[in-house]
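Protein chains in written order, with numbering that gives the first Met the number 0: chain C, 0 to 294; chain U, 0 to 235.
Just so you know, these hints were derived from the structure itself, not from any lab.
Each residue gets a CB set at the ideal place from its N, CA and C atoms; glycine is no exception.
You may find that some hints are simply not true.
[Stated by the list, open to error] Counterexamples of contact, computed for chain U against chain C with all Cβ distances above 10 Å:
| no. | residue |
| --- | --- |
| 1 | T3 |
| 2 | R4 |
| 3 | D5 |
| 4 | N7 |
| 5 | E13 |
| 6 | E15 |
| 7 | W68 |
| 8 | L78 |
| 9 | S80 |
| 10 | L82 |
| 11 | R83 |
| 12 | I89 |
| 13 | R145 |
| 14 | D147 |
| 15 | R197 |
| 16 | D223 |
[Claimed, not checked] From the structure, some residues in chain C lie toward chain U, with a derived Cβ separation under 7 Å:
| no. | residue |
| --- | --- |
| 17 | R115 |
| 18 | N239 |
| 19 | Q241 |
| 20 | F277 |
| 21 | S279 |
| 22 | P280 |
| 23 | E286 |
| 24 | D287 |
| 25 | I289 |
| 26 | T290 |
| 27 | G291 |
| 28 | F293 |
[Said to hold, decoys possible] Restraint ranges, calculated between C-beta atoms of paired labels, are given here:
| no. | chain 1 | residue 1 | chain 2 | residue 2 | range |
| --- | --- | --- | --- | --- | --- |
| 29 | U | D58 | C | L218 | 34 to 44 Å |
| 30 | U | M72 | C | L89 | 24 to 34 Å |
| 31 | U | D221 | C | P214 | 39 to 49 Å |
| 32 | U | D149 | C | S33 | 51 to 61 Å |
| 33 | C | E259 | U | D58 | 53 to 63 Å |
| 34 | U | E15 | C | P131 | 29 to 39 Å |
| 35 | U | M62 | C | L218 | 28 to 38 Å |
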Amino acid sequence: MNNETYTEEATLDTGAPRPEVAAGPKPAGAPATSPNHVMETRNMSIYYGDFRAVADVSLGFARNEISALIGPSGCGKSTVLRSLNRMNDLIASARTEGEVHYHGTNIYADGIDPVRVRRTIGMVFQKPNPFPKTIYDNIAWGAKINGYRGSKANIDDLVQEALEGAALWDEVKDKLQESGYSLSGGQQQRLCIARAIATKPDVILMDEPCSALDPIATLRIEELMLELKRDYSIVIVTHNMQQAARVSDKTAFFNVKLNETGMRTGRLVEYSPTEQLFTSPNEKDTEDYITGRFG
Amino acid sequence: MTDTRDTNTHFHQELEELERKVLSMVDRAEQMVEMAVQAVTSDDTDLAARVIELDNAIDQTYMEVHQDWTALMARNQPLGSDLRKMTIFIQLNVLFERMGDQCVNIAKIAQFNKGLPRVQRICEQIREMGDLVRPMIRTAIEAYVRGDVDEARLLPAMDQPVDRLNANMYKETVAVGANPQLLEWATKMLMVSRALERIGDQAVDFGEQTAYLITGERAEFDEDGMAWSTDGNDES
Numbered sequence: 000m001n002n003e004t005y006t007e008e009a010t011l012d013t014g015a016p017r018p019e020v021a022a023g024p025k026p027a028g029a030p031a032t033s034p035n036h037v038m039e040t041r042n043m044s045i046y047y048g049d050f051r052a053v054a055d056v057s058l059g060f061a062r063n064e065i066s067a068l069i070g071p072s073g074c075g076k077s078t079v080l081r082s083l084n085r086m087n088d089l090i091a092s093a094r095t096e097g098e099v100h101y102h103g104t105n106i107y108a109d110g111i112d113p114v115r116v117r118r119t120i121g122m123v124f125q126k127p128n129p130f131p132k133t134i135y136d137n138i139a140w141g142a143k144i145n146g147y148r149g150s151k152a153n154i155d156d157l158v159q160e161a162l163e164g165a166a167l168w169d170e171v172k173d174k175l176q177e178s179g180y181s182l183s184g185g186q187q188q189r190l191c192i193a194r195a196i197a198t199k200p201d202v203i204l205m206d207e208p209c210s211a212l213d214p215i216a217t218l219r220i221e222e223l224m225l226e227l228k229r230d231y232s233i234v235i236v237t238h239n240m241q242q243a244a245r246v247s248d249k250t251a252f253f254n255v256k257l258n259e260t261g262m263r264t265g266r267l268v269e270y271s272p273t274e275q276l277f278t279s280p281n282e283k284d285t286e287d288y289i290t291g292r293f294g
Numbered sequence: 000m001t002d003t004r005d006t007n008t009h010f011h012q013e014l015e016e017l018e019r020k021v022l023s024m025v026d027r028a029e030q031m032v033e034m035a036v037q038a039v040t041s042d043d044t045d046l047a048a049r050v051i052e053l054d055n056a057i058d059q060t061y062m063e064v065h066q067d068w069t070a071l072m073a074r075n076q077p078l079g080s081d082l083r084k085m086t087i088f089i090q091l092n093v094l095f096e097r098m099g100d101q102c103v104n105i106a107k108i109a110q111f112n113k114g115l116p117r118v119q120r121i122c123e124q125i126r127e128m129g130d131l132v133r134p135m136i137r138t139a140i141e142a143y144v145r146g147d148v149d150e151a152r153l154l155p156a157m158d159q160p161v162d163r164l165n166a167n168m169y170k171e172t173v174a175v176g177a178n179p180q181l182l183e184w185a186t187k188m189l190m191v192s193r194a195l196e197r198i199g200d201q202a203v204d205f206g207e208q209t210a211y212l213i214t215g216e217r218a219e220f221d222e223d224g225m226a227w228s229t230d231g232n233d234e235s
């Protein structure tokens with residue numbers, strides 16, 4: 000185990016609401032969040048400079064559900080995902096209009112610290128990106144920079160709990176001091192998931208988390224997602240429609256629309272229960288896309 | 000999207016080929032109904048033998064459809080209307096194979112009944128049932144090919160006289176009297192009536208599959224064909 004010592008007393012708050020985000024002022028007149036929705040976007044449009052990448056997206060992400068965002072390249076699904084924890088703020092030209100509510104608070108409201116938003120709402124990326132540290136520190140360090148100041152014993156418990164939650168503990172419990180890079184791709188991705196859940200979020204964002212993994216590692220991640228949804232809401236962007244069909248409860252289909260000046264803007268076409276969207280979608284665009292008839 | 004392009008051409012070609020095979024079965028079944036009714040009402044055992052032979056071709060296609068269907072599902076994971084089409088194909092495959100089996104049952108009765116005394120009125124009723132059932136199959140095929148739910152909904156109404164004639168056949172059988180050979184013949188004709196009644200039901204089922212393909216709603220026609228039962232219970 001790690002030899003570092005940690006300050007006593009502090010324990011990770013496991014209860015809602017999340018103080019990091021809730022600290023900001025609630026915008027006047029903001030409508031109440033649907034009780035089942037952990038997150039909601041309301042008429043959200045995202046621009047890169049003058050280019051409107053995504054227009055008028057209103058989506059709700061329910062508690063203990065997996066929501067998949069699908070659509071062709073350039074439809075804005077990853078842009079929408081990155082807006083859910085203000086990751087787009089890292090791009091200088093990016094600008095978001097509309098609102099994104101997290102437990103009823105608009106995370107784009109004045110006074111909300113985007114860094115704290117990103118710390119609170121974790122994201123798992125296409126390629127596993129463990130820190131260049133030990134397996135143990137990948138969890139402990141992430142928790143510490145998020146303000147965790149528990150005892151060494153508490154940190155040990157936190158590391159174990161996160162690794163168990165990510166279905167990785169049994170595989171790494173005897174080599175916690177080895178580098179995170181020593182793990183396989185699938186294990187590294189689960190380490191990243193462990194790192195994301197160590198901060199006790201209630202939403203996990205996943206941007207094509209299996210695109211760099213082999214089919215077995217992919218199935219393990221999918222199984223893990225189904226386990227995780229007991230405690231978390233998950234929003235996943237995937238190019239793999241079968242993956243969306245296997246794991247998600249609801250699916251949002253985005254498509255690219257050309258405006259009168261020839262600009263390509265992503266729009267939400269349909270957001271339906273997954274079973275319905277993949278067997279009998281409401282919109283012809285969705286039907287065309289899922290059957291491969293796509294222009 | 001206004002400019003739709005099929006980026007899944009190879010799968011859709013294979014799906015069309017599978018569709019052609021499935022529909023060839025019901026085309027053949029329709030033909031077999033006519034031949035089987037003719038054979039059983041006119042003591043034509045040669046025609047009965049041809050019906051049995053035609054069923055071998057349906058059985059062969061049935062096996063091929065199963066194999067092709069499994070391979071297509073394994074290699075592609077169809078979604079949307081493609082998935083619905085695949086779903087009904089596996090059901091229609093069984094349905095049409097059973098239509099063929101019913102025709103074989105009639106053909107075998109034609110061979111069994113050869114030389115037995117007969118009642119003309121019963122033969123005429125069986126012919127009438129055949130004349131009612133074949134248009135049902137044709138209507139079901141055309142409803143599928145045209146994607147016409149309204150046409151498919153006509154089928155339960157078309158089935159009602161078939162059901163009435165089948166119910167009446169019990170009375171006709173009892174009415175033939177005590178002659179053992181005549182009674183044996185009539186009892187077998189009762190089974191012919193039942194087989195035709197089942198084929199009528201199968202044509203209605205075909206119409207329901209078509210409605211599911213088009214609407215995405217899994218439901219059964221009620222007796223009028225104009226309403227749906229959505230609770231999964233058979234109301235007819």
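Hint-by-hint comparison with the structure:
no. : hint                        : verdict
1   : T3                          : 5 Å, violated
2   : R4                          : 5 Å, violated
3   : D5                          : 5 Å, violated
4   : N7                          : 3 Å, violated
5   : E13                         : 12 Å, holds
6   : E15                         : 13 Å, holds
7   : W68                         : 17 Å, holds
8   : L78                         : 4 Å, violated
9   : S80                         : 6 Å, violated
10  : L82                         : 6 Å, violated
11  : R83                         : 7 Å, violated
12  : I89                         : 15 Å, holds
13  : R145                        : 19 Å, holds
14  : D147                        : 18 Å, holds
15  : R197                        : 30 Å, holds
16  : D223                        : 25 Å, holds
17  : R115                        : 40 Å, violated
18  : N239                        : 10 Å, violated
19  : Q241                        : 5 Å, holds
20  : F277                        : 5 Å, holds
21  : S279                        : 3 Å, holds
22  : P280                        : 6 Å, holds
23  : E286                        : 5 Å, holds
24  : D287                        : 5 Å, holds
25  : I289                        : 4 Å, holds
26  : T290                        : 5 Å, holds
27  : G291                        : 3 Å, holds
28  : F293                        : 6 Å, holds
29  : U:D58 x C:L218: 34 to 44 Å  : 38 Å, holds
30  : U:M72 x C:L89: 24 to 34 Å   : 43 Å, violated
31  : U:D221 x C:P214: 39 to 49 Å : 46 Å, holds
32  : U:D149 x C:S33: 51 to 61 Å  : 40 Å, violated
33  : C:E259 x U:D58: 53 to 63 Å  : 59 Å, holds
34  : U:E15 x C:P131: 29 to 39 Å  : 54 Å, violated
35  : U:M62 x C:L218: 28 to 38 Å  : 32 Å, holds
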